[in-house]
Amino acid sequence: MNRTVMLIGAVVAVPIVTVLAVSFDRDPHEIRTPMVGRPAPSFTLRDASTDGAVALAASRGKPVVINFWATWCAPCVREHAALVAAARALGSDVQFIGVVYQDSQEQVRAFLDQRGRAYPMVLDEDARTAIAYGVYGVPETFFVDRTGAIAAKHTGALTADALTRNLRVAAQ
Amino acid sequence: MIPLIGRLLILGALGAAVTGSIVGFASMKAPYGARVVWARRCALAFALLMTAANLVMVEALVTPDFSVQYVTLVESRSLPLWVQIVSLWSSLEGSILFWGMVLGLYIAGGTLTMARRHREYAPAAIGVWLACGAFFAFLIAGPAQPFGTVASPPLDGPGPNPLLQNHILMAIHPPFLYLGYVGMTIPFGIASAALLRGTLDRDVLRPLRMWLLIPWTFQTVAIVLGGWWAYEVLGWGGYWSWDPVENASFLPWLTATSALHSLVVTDRKGTLKGWTATLVMSTFLLTILGTFMTRSGVFNSVHSFTQSAIGPAILSFLAVSLIWTVAMLGARIDRLESRRDVGPAASLEGAFLVNNLLFVLFTLTVLVGTVFPLIVEAMTDRQITVGRPYFDAMGVPIGMALLFLLGIGPALPWGRTTSRELRNTLAPPLIGAAVFSVVAWMLQVRNPWTIVTIAFGGYAAQVTLGQLWRLRQGRRRVGAFVVHAGVVIVVIAVAVSNTMQVSRELRLRRGETADIGPYTLTFLGARVVTEVNRESIVADIGVDRAGSRVGALAPRMNFYPASQEPIGTPAVRTTMGADLYVSILNIGEMGQEITVHALINPMVAWIWVATLIMAIGGVVSMLPSRRVATELGQSVGAPDLQVGGVPSTGPELAGPGLRPLGERSPEREAGERA
Chain X
8 MNRTVMLIGA
18 VVAVPIVTVL
28 AVSFDRDPHE
38 IRTPMVGRPA
48 PSFTLRDAST
58 DGAVALAASR
68 GKPVVINFWA
78 TWCAPCVREH
88 AALVAAARAL
98 GSDVQFIGVV
108 YQDSQEQVRA
118 FLDQRGRAYP
128 MVLDEDARTA
138 IAYGVYGVPE
148 TFFVDRTGAI
158 AAKHTGALTA
168 DALTRNLRVA
178 AQ
Chain B
44 MIPLIGRLLI
54 LGALGAAVTG
64 SIVGFASMKA
74 PYGARVVWAR
84 RCALAFALLM
94 TAANLVMVEA
104 LVTPDFSVQY
114 VTLVESRSLP
124 LWVQIVSLWS
134 SLEGSILFWG
144 MVLGLYIAGG
154 TLTMARRHRE
164 YAPAAIGVWL
174 ACGAFFAFLI
184 AGPAQPFGTV
194 ASPPLDGPGP
204 NPLLQNHILM
214 AIHPPFLYLG
224 YVGMTIPFGI
234 ASAALLRGTL
244 DRDVLRPLRM
254 WLLIPWTFQT
264 VAIVLGGWWA
274 YEVLGWGGYW
284 SWDPVENASF
294 LPWLTATSAL
304 HSLVVTDRKG
314 TLKGWTATLV
324 MSTFLLTILG
334 TFMTRSGVFN
344 SVHSFTQSAI
354 GPAILSFLAV
364 SLIWTVAMLG
374 ARIDRLESRR
384 DVGPAASLEG
394 AFLVNNLLFV
404 LFTLTVLVGT
414 VFPLIVEAMT
424 DRQITVGRPY
434 FDAMGVPIGM
444 ALLFLLGIGP
454 ALPWGRTTSR
464 ELRNTLAPPL
474 IGAAVFSVVA
484 WMLQVRNPWT
494 IVTIAFGGYA
504 AQVTLGQLWR
514 LRQGRRRVGA
524 FVVHAGVVIV
534 VIAVAVSNTM
544 QVSRELRLRR
554 GETADIGPYT
564 LTFLGARVVT
574 EVNRESIVAD
584 IGVDRAGSRV
594 GALAPRMNFY
604 PASQEPIGTP
614 AVRTTMGADL
624 YVSILNIGEM
634 GQEITVHALI
644 NPMVAWIWVA
654 TLIMAIGGVV
664 SMLPSRRVAT
674 ELGQSVGAPD
684 LQVGGVPSTG
694 PELAGPGLRP
704 LGERSPEREA
714 GERA
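Protein chains in written order, with our numbering: chain X, 8 to 179; chain B, 44 to 717.
FYI, nobody ran anything at the bench for these hints, they're computed from the structure.
Be careful, since some hints might not be right.
[Unchecked claim] Some chain B residues close to chain X (C-beta under 7 Å, calculated; not the full set):
#, residue
1, A362
2, V363
3, L365
4, A374
5, D377
6, I418
7, V419
We treat Cβ as the ideally placed atom computed from N, Cα and C, and that holds for glycine.
Only chain B is shown next, with the shape it has when bound in the complex (with noise of 0.2 Å):
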């Protein structure tokens, strides 16, 4: 029953989304005619069916109904309920699913706002929407059909990918992430729509700018989510790796993040509109480029799904969006440009263009980094890989340049200035600079990357204080602001914890003691856990610290009935100066010795606060500004229209503990020969 039901749920989305598209195009010319209310309807149907196909599923995951075949891949009868439900998300058809309720809402949220406000483009926005939604609908009723009926159910069936199951922060990252990849589309459609019309109204800023905030908000919680999840379970003790899956996250949050930037500009001067369009449809064009790199199969990672038949279709629905893009910009950019001045260099018009073009080399690097393996093996037969070092020596210069840019940038006024007024706004900041470095000194910081980095962080944190300080009104700026923050201090943690981590590989017989920085380790035993899911051995370790025991650690390594391989989550001491992380490389002799990897991380714990600082700026930006009412009145100068957004040096830059090439850590050796 279930199977069928959710199968017409599908079928009747896919049909609300085709017809909606089509009547949505079909009403361009008459965006105040009768028709246009169809392709709204349509929009809030096609939400409600996919929704309602959801809670389907998630009754027969909870149930579990057996007769589904989504349900026999990822569901087992000994499952905690949480796991349950996540398992919605946790293979390739029921990701898919969940994409297309997350989908179906965004729209119905873009539908409500565009048809009040600004119907000359909801016509076009919608018809643009409802083409993506057709896609996913047609995805999930054919090649990755969810819904699927099994002649004779099983009486159990596996449950989810292991690794899945290993942390409470699986249930957060995934739907974060999508959060952020699928609501990229609202803007593509905006962007579109503004492009077939031949305008970039200055009122449609504020619908574009607050649909690329919402999704830019998840995804910077998303990226570090997944990062934060990494370091507390696959146990190498780092958080970033540049995996192709990690790459493929951060690239549209780049693209995004600077089209943040450039709205400003266009909101203010009138100018780069042509330029946003673009970064705004290069951002879904890459969320829809990291769909294909996790479910292709074609990327080795740990995200992988498995090989599957919707790769083709996704690539397939690249093309037709790029090609769209190209013919669309192509087609119309000229038509959006009033003016072309983009504004003398020391000014704020020109760091913003500087910024633009950092955060498009960045972007290129990436995505070069991460296709290239690709290309090379297509061209030569060879095999090759791309890693941290190169990653490392691309991404660590242009995060920096950013950084600096991320201080000088809100320091510089609009348009022409004179020297003397440059010196006074960029001169006081040395001060957070030198104050910053000097502290930095004291405590030991030597390396010289890291002392200009937390000097660069310095001043950036002076001028942003500063600046926080003055506009305690305009919430916009302020939530701007507040998101510059997060960034010094994230930038700075990822600088500090890449270059003074302290690493051990520790064997230790019961009872015996091991020194790593401050703390003295002891392996007081170890035990064998039995819980519903899975089956652990945890080592008891105590942990000392100036001859007195200050905690305990109890890292473990799990065995599920679905895997072979065992898989360890590591223990945490987490302290804002640094964190104490001990992961379990092998138990021996009856559990009477143990090899463990004991790494003394410093500020790590400061860039998941730091991230938390992020997504409140992200928040106070979107709620309306109590200027608005006076900032519509206002002509082009008034000094509250800055877009809150944010340089791109994230947790990305790097992540500690991370091995050299080549040389592989056995949690994730195991992952890949299984």
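Bound conformation, chain X alone (with noise of 0.2 Å):
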């Protein structure tokens, strides 16, 4: 009985196994995000329809859904017939935002002409708005509460439940 390679065997063993094993539950595809509870950055950017100002601080006082997208990405273009629906549904109540991140204003516009629109799209153009935000990829949707503050997350594509489920926490 060699104690050592026993000693050296456990040691190696034992905490590679028990991390392994409590990692089951985790999804490697969620990146978790610091900025929930924390004030959502603020930004004033240029709407890509109307070439108007638009200003986060505007919307205080009620529920916020900011959403990062872009024309070429896949997910985006899919999840954009649910934020429209739900935009147009829930009218004044809550305000919708799309960031536009890394796309062109011609694009974007020849996007919504045929999709059609229901809330600002702002231009980030020199993506300071995303990386304030800390955009890992997009889509990726922040829904702000009342204060101004971020209350939930949502990386890749939304879908209707998604969208409900998340408003209901920023509405709290």
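Now that you have both chains on their own, put them together as the hints suggest.
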């Protein structure tokens, strides 16, 4: 019996198996954000359709949905219909803002002409807003509550269900 | 009908494995008794039944018979025949079924070699192999059952994951990887049998080395094929990204390579027996860890199968194998060693020892880097990523040290030497180092690390070629040095392709041109191509060099019915000097404008060629040496008992075109979001 070998074996093996075992419920695709609970970084950006300025601060007092997207991103194209439908249904109770990520104004305009628009889409030209929100890839959607704090975040294409669920959190 | 036959075959295989394993262990005390024959028969029956089950599944896939559950998941009528066949391993259940067949064939091979000449070891080895076989048969029969029945068969299915349909390399890379991974079960069984018996005779080193070398060669090729596939399909311009699953395939390769080297010392000096056994068994454990990483859904990777029920089963198997290994080594390792002195530092055995320590260090480095994010998340609930900077910072120096040793080591003699002898053997290859460095400088290499790597490579090249010249006879050592020659080329190619890459993002309207390196690219236009299983947009790009057209590139975006994301295929113009690599990032304005990622990747083709050289070296090492007869009669001092193996600085050291941490390529992002 070689105790050293046993000891080294146990020291190497036990932690690996334990860590792997406790990691089962982990979703490797989920990227958590430290932004939840913090104030949403403010921005004033140019609307892609009207060229007017859109400020986040103007929507203080009601829940805001900030959706980072681009026309070249297929999941963004997929979730567009759900966002437009929700924005139309909720009217002025909730403010939706689309932040265009690394894309051109012409592309965005053509896209919205074709697929419909229901809320302002602003151009984040130097991606400063995306950086402020810690956007890792598009689409990512932030749900801001009445006080201006980020209440929830969704990564990937939104569905009507996911929208409702997160909005409920933001509306509390 | 097919589901029933399939399930019966798998149950038969499970029965054969369980019976054979029990009979094997039970007849350990009487290796020449009559019962052993039944263990052997069970091993062969297991192989036969697993193969039959695979053939039944292939039949169901090719028909296609949509009453079989697995077929409905991965098959589509509109697929080319080769895709229909490779669907066998394109999804979780099928890949485990395929694993079962490979394991069966290996066990049959192992049984046949051990049964004749190494009968004392055979019963326990068969017991261990079939215990592994029983586990995989259980997986196939239960949690990963591919032969489930579908009550109302659909008319057509979705086809396999489009990434897998996208390139013919997908037909080759997974089988090679399985042949590498699964084969490590055989040396594990032999080492377990040696520990159970309490001796590791010199005689049994031969099958041990043989059965280590076969999967090692497959693994070497598989790792590089994976890199090649990533390079040709994923479109980010590199071939290695330290993805957890890439690491998973690299880890057992490192320990197997280390074991092949330590086997030389065991064979030659009769020392390091326990160490060799430890490395062999660790290699097996790492293959199981790798299997867990790919199939548990815990790690994020381009390879990940979807989350599944077999994760806990594989983890339990890993835990049992770990306990078995630690218990066996702890209980018996002292019985294996007869001598403890390892030899002087400045000797061949000293070099082997340092080589082994470096390999183990490399293994631990990669293992820690791969598992560390999980540890941090489990303990602090914070998410972190360990990426390329860590692996490069740790791996490059270790890789360079191994390359240095690859030059110095074989130049050293066994045993004690005088400093004068040392000078005489170690000084001449400095010429090779100088020549390589000067040539590199003349070819505009300026990165100091790359120049040092090339200098080490030159030193190693001279030593290797010198040894090959001296050893034209004995095949085994020749094989080993052919592998070394391949490694030298791979390491230099990896260093150069990483540090001297040119990368540009180009936006071209139709008819516009742009320069990259010595080439001028012209966007000629885009067209739509319709094939059986996909529709593609192909961009035609003219390539000019020094004012004259040298070729055309046609990178494409492919649209598969099963996938909403397009999947790109880059176009590569390969020359031995450098590849011109173009992948489409975006096609806009109805094909009137494209954005492409264009790269000049120097020396990448050398990696593929050098891997072929390494594989040839591996095969040469496997061939029976012409000197076997004399060797057996010789005393411990025979000149040609070296084992083919190779320090590890494969293509894994790095890959060009990798983006900095946190920045992702659109292709991967699309994959992750899908």
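Given A362(B) as an interface hint, is its Cβ closer than 7 Å to any Cβ of chain X? With a minimum Cβ separation of about 5 Å from chain X (threshold 7 Å), the hint on A362(B) holds.
Does D377(B) hold up as a contact with chain X if the rule is Cβ-Cβ below 7 Å? holds, 5 Å
Given L365(B) was flagged as interface, is its beta-carbon under 7 Å from a beta-carbon of chain X? holds, 4 Å
Chain X contact restraint for A374(B) - C-beta distance below 7 Å: Check passed: Cβ of A374(B) comes within 6 Å of chain X, closer than 7 Å.
Given V363(B) as an interface hint, is its Cβ closer than 7 Å to any Cβ of chain X? Violated: closest Cβ of chain X sits about 10 Å from V363(B), beyond 7 Å.
I418(B) was flagged as interface toward chain X. Is the shortest Cβ-Cβ separation under 7 Å? holds, 5 Å
Agreement of hint V419(B) with chain X interface, Cβ distance less than 7 Å: violated, 10 Å
In terms of the numbered hints stated before, the structure departs from hints 2 and 7, listed from lowest to highest.
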